[in-house]
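Trainee: The chain contents come next:
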Amino acid sequence: MDIIDTKSMSKDDILRLLDRASTIGPSDALSGRVLGLLFFEPSTRTRMSFDAAVKRLGGDTVDMGSVDSSSVQKGETLADTVRVVEGYADALVLRHPREGAPRLASQFVDVPVINAGDGAGHHPTQTLLDLYTVRENVDASLGDLHVGIMGDLKYGRTVHSLALALAKFGARVTFVSPPSLRVPENVRTELERAGVEFDEVEVIDGIVGSLDVLYATRIQKERFPDEKEYEKVAGEYRVTTETLESARDDLVLMHPLPRVDEIAPGVDETEHAHYFEQAHNGVPVRMAVLDTVM
Amino acid sequence: MDIIDTKSMSKDDILRLLDRASTIGPSDALSGRVLGLLFFEPSTRTRMSFDAAVKRLGGDTVDMGSVDSSSVQKGETLADTVRVVEGYADALVLRHPREGAPRLASQFVDVPVINAGDGAGHHPTQTLLDLYTVRENVDASLGDLHVGIMGDLKYGRTVHSLALALAKFGARVTFVSPPSLRVPENVRTELERAGVEFDEVEVIDGIVGSLDVLYATRIQKERFPDEKEYEKVAGEYRVTTETLESARDDLVLMHPLPRVDEIAPGVDETEHAHYFEQAHNGVPVRMAVLDTVM
Amino acid sequence: MDIIDTKSMSKDDILRLLDRASTIGPSDALSGRVLGLLFFEPSTRTRMSFDAAVKRLGGDTVDMGSVDSSSVQKGETLADTVRVVEGYADALVLRHPREGAPRLASQFVDVPVINAGDGAGHHPTQTLLDLYTVRENVDASLGDLHVGIMGDLKYGRTVHSLALALAKFGARVTFVSPPSLRVPENVRTELERAGVEFDEVEVIDGIVGSLDVLYATRIQKERFPDEKEYEKVAGEYRVTTETLESARDDLVLMHPLPRVDEIAPGVDETEHAHYFEQAHNGVPVRMAVLDTVM
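Same order as they appear, the protein sequences are chains A, B and C.
For what it's worth, the working numbering labels the leading residue of the first sequence as 386, then goes sequentially.
For what it's worth, the working numbering labels the leading residue of the second sequence as 386, then goes sequentially.
For what it's worth, the working numbering labels the leading residue of the third sequence as 386, then goes sequentially.
Calculated directly from the structure, the hints in this document are not laboratory data.
Glycine included, every Cβ here is placed at the ideal spot set by N, Cα and C.
Treat the hints with care, since some could be wrong.
To be verified - Cut-off 30 Å, straight-line C-alpha distance, at most; resulting in silico cross-link-like pairs (DSSO-like, lysine-lysine):
id : chain 1 : residue 1 : chain 2 : residue 2
1  : B       : LYS539    : A       : LYS459
2  : B       : LYS459    : C       : LYS392
3  : B       : LYS617    : A       : LYS459
4  : C       : LYS617    : C       : LYS396
5  : C       : LYS396    : B       : LYS459
6  : B       : LYS553    : B       : LYS539
7  : C       : LYS539    : B       : LYS459
8  : B       : LYS539    : B       : LYS392
Unchecked claim - Pair by pair, the computed Cβ-Cβ distance ranges are:
id : chain 1 : residue 1 : chain 2 : residue 2 : range
9  : A       : LEU400    : B       : GLU484    : 56 to 66 Å
10 : B       : LYS459    : C       : GLY591    : 23 to 33 Å
11 : A       : LYS617    : C       : THR462    : 48 to 58 Å
12 : A       : PRO482    : B       : GLU607    : 51 to 61 Å
13 : A       : VAL678    : B       : THR408    : 23 to 33 Å
14 : C       : SER393    : A       : ARG401    : 48 to 58 Å
15 : B       : GLU654    : C       : ASP653    : 54 to 64 Å
One chain only, chain A, in its complex shape (with noise of 0.2 Å):
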């Protein structure tokens, strides 16, 4: 069973692991089995969290390591690099810059490959976490949850694959960015198709009081054309106590992380911020994935 993205999953196969994930521990499920990690691009949290993962249930990993010391520089297709590494490993995690890569690779091994993030693709195992942190701290179903998206909307891989999977559970979701970072057209399609209760608006006041969820993302210095337009937007679309003055009291505030200016610190001592807990739950989660392909 590979896991490419979380479009593919029903939901049944979504809440069966978060199900798990909600009561996975420590154990000695994956003693002497092997999980190879290839990372064709660094992530240092992602890789770390699926080292974690597989060590809490008595399995150990074999990393490739950085492409630059890799067989990769010696000009070796994707498909060779893991027909050989297959040999040394029980499942494979891959991240890649190319879109559509772990699918690819899946073609060629028998072994699980697990999606660890494609490009502009996918990164299901996120996708899962964000589901999972929702869930652990709402006390609606997801159908009933409204979930702001903010930020830079346009980029955000992470926040499309989220917005596709709420879609899924029925969640209305309510995207706030500046026009030049608005959720792209194909996103928009995707959503639309699938019948999707949502709307986009360009400041956070007038709905922030109705928020069940606050998910703010990354907005990328490197996306302006000059920084002073980065600074009016990242000052725009920063949350702090004073956008959260008229939030309800439960609302679930996340990030991906890591942050730069999102979110103000004065932010982390209020009960909003699940932000570490979030990158916290990438331990449980990928440990229910593991534990169920591998």
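Chain A is already provided as a structure; the job is to place chains B and C on it using the hints.
Mentor: Relative to the frame of chain A, chains B and C by itself:
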């Protein structure tokens, strides 16, 4: 017990390791034991398969990491480095650009040293996994085989050790290469001194039908004065389904990988393709080695 | 319990760790536990010996890897990084170029933080393994010893902590250095305030015969305005068999390694050479620390 080269191992030593490799499975044999990985130059597969091997046996590794960030940068001698690291591990795997480095290292430490490649020198676990792959896939004994070794035979460290090891078992070896990439004089002399039957040809066509094993090697672009010359040679020594038309059905095709153009992808689908299996055999062979020396 | 420096540890705390180190052996005490390694600057030995230590106790590590490829590059604060990583590990080992970073980090996380070197600050497990090596090799109690500390005493973080720790136990310390590399004013003040007996000399000849321990340190070429000056100093403070001619038979010679020219290779063969053993002692001492805090 150190593993420095296969040249100094007896036939019985080698066969004992190959026999062990063919029966070894996951166990707790090395539980609590730590293998030190010292790669003074990168070699992803060798490192990963040693890593997988020790973990399959319940042991673990400590890895020096890249030389850039190590004490070597501060001017430390190899002798000092290994004398420090032996305190952290029960055996050392050493990859070094300088020929003879592993033997030198072994004189300074009490723990076993395994040579994982020393420049133009040896790479005994590669030779062992090559022999293992041959042995697992032919019905005849090694002494009755006709093995073709093709490609860059001048710089290919792998094939020199393999040729000498095959010679030790009495196999007949035919070298196939362009004149500019012939087996060097000193290797030929060594083979002659060992009383080995070998011949050299420039094209494979005449002999492919009589081969039990064809071992293709990587032809490195950087060995050629100009790209045109490289492309001409690479084209002539490329193994395709056509090359194999007159081959016996049970011809075993091997390659140390990574390949670039030396074997056409279409060959992967044939029964001749044993190069991925060969790479995978690094794990049981290294398990057998570790189980023996640690 | 955090391990930030030895200054704030009582004599009893220290002795308890040293006693534990002298009896600790491989076990499953940390089975299922994960140690997070956060090296914001490289330190191969310290990293490897922590890695070996936790694995000897049946635990495992997750490693942030190099800073170049981590979220730090994206502008993340240290506080955020450690708050994320604490979700992956049961304790954190932190190496950081900035003095005070480990203490800062410890204020943001609930798991124990172990300082593995913070710039010009402290490196408590190094100090502990130095003390351990002294203690294992002398018959007298620490308070009765005469310890010479020689070389670069201005920039050598290691020796400042060691001198203060020895002082705590009442040892007599003699510093041996050129005027340009004397112990800095603030360390001298601290020693005086602690009521410590110490003196400073420029040459070792007059005192070598009375020493129980001689601790040589690395003299770094880059501290000198020109190479000639470096060579002159390095030559005068180099320990050779001649230096040790008037030493007592049981003089314990130590060095934090890596050495360049500070100790002549011929000294390695003498009974005085304890620097490799000292490096190896990093493992039991760190095992004792981990066993205590995790």
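Trainee: Decide, hint by hint, whether the structure agrees.
Mentor: Hints versus structure:
no., hint, verdict
1, B:LYS539 with A:LYS459, "holds, 19 Å"
2, B:LYS459 with C:LYS392, "holds, 29 Å"
3, B:LYS617 with A:LYS459, "holds, 19 Å"
4, C:LYS617 with C:LYS396, "violated, 39 Å"
5, C:LYS396 with B:LYS459, "violated, 34 Å"
6, B:LYS553 with B:LYS539, "holds, 20 Å"
7, C:LYS539 with B:LYS459, "holds, 19 Å"
8, B:LYS539 with B:LYS392, "holds, 19 Å"
9, A:LEU400 with B:GLU484: 56 to 66 Å, "holds, 59 Å"
10, B:LYS459 with C:GLY591: 23 to 33 Å, "holds, 31 Å"
11, A:LYS617 with C:THR462: 48 to 58 Å, "violated, 23 Å"
12, A:PRO482 with B:GLU607: 51 to 61 Å, "violated, 26 Å"
13, A:VAL678 with B:THR408: 23 to 33 Å, "holds, 29 Å"
14, C:SER393 with A:ARG401: 48 to 58 Å, "holds, 50 Å"
15, B:GLU654 with C:ASP653: 54 to 64 Å, "holds, 58 Å"
Checked against the numbered hints given earlier, this structure breaks hints 4, 5, 11 and 12; the rest are met.
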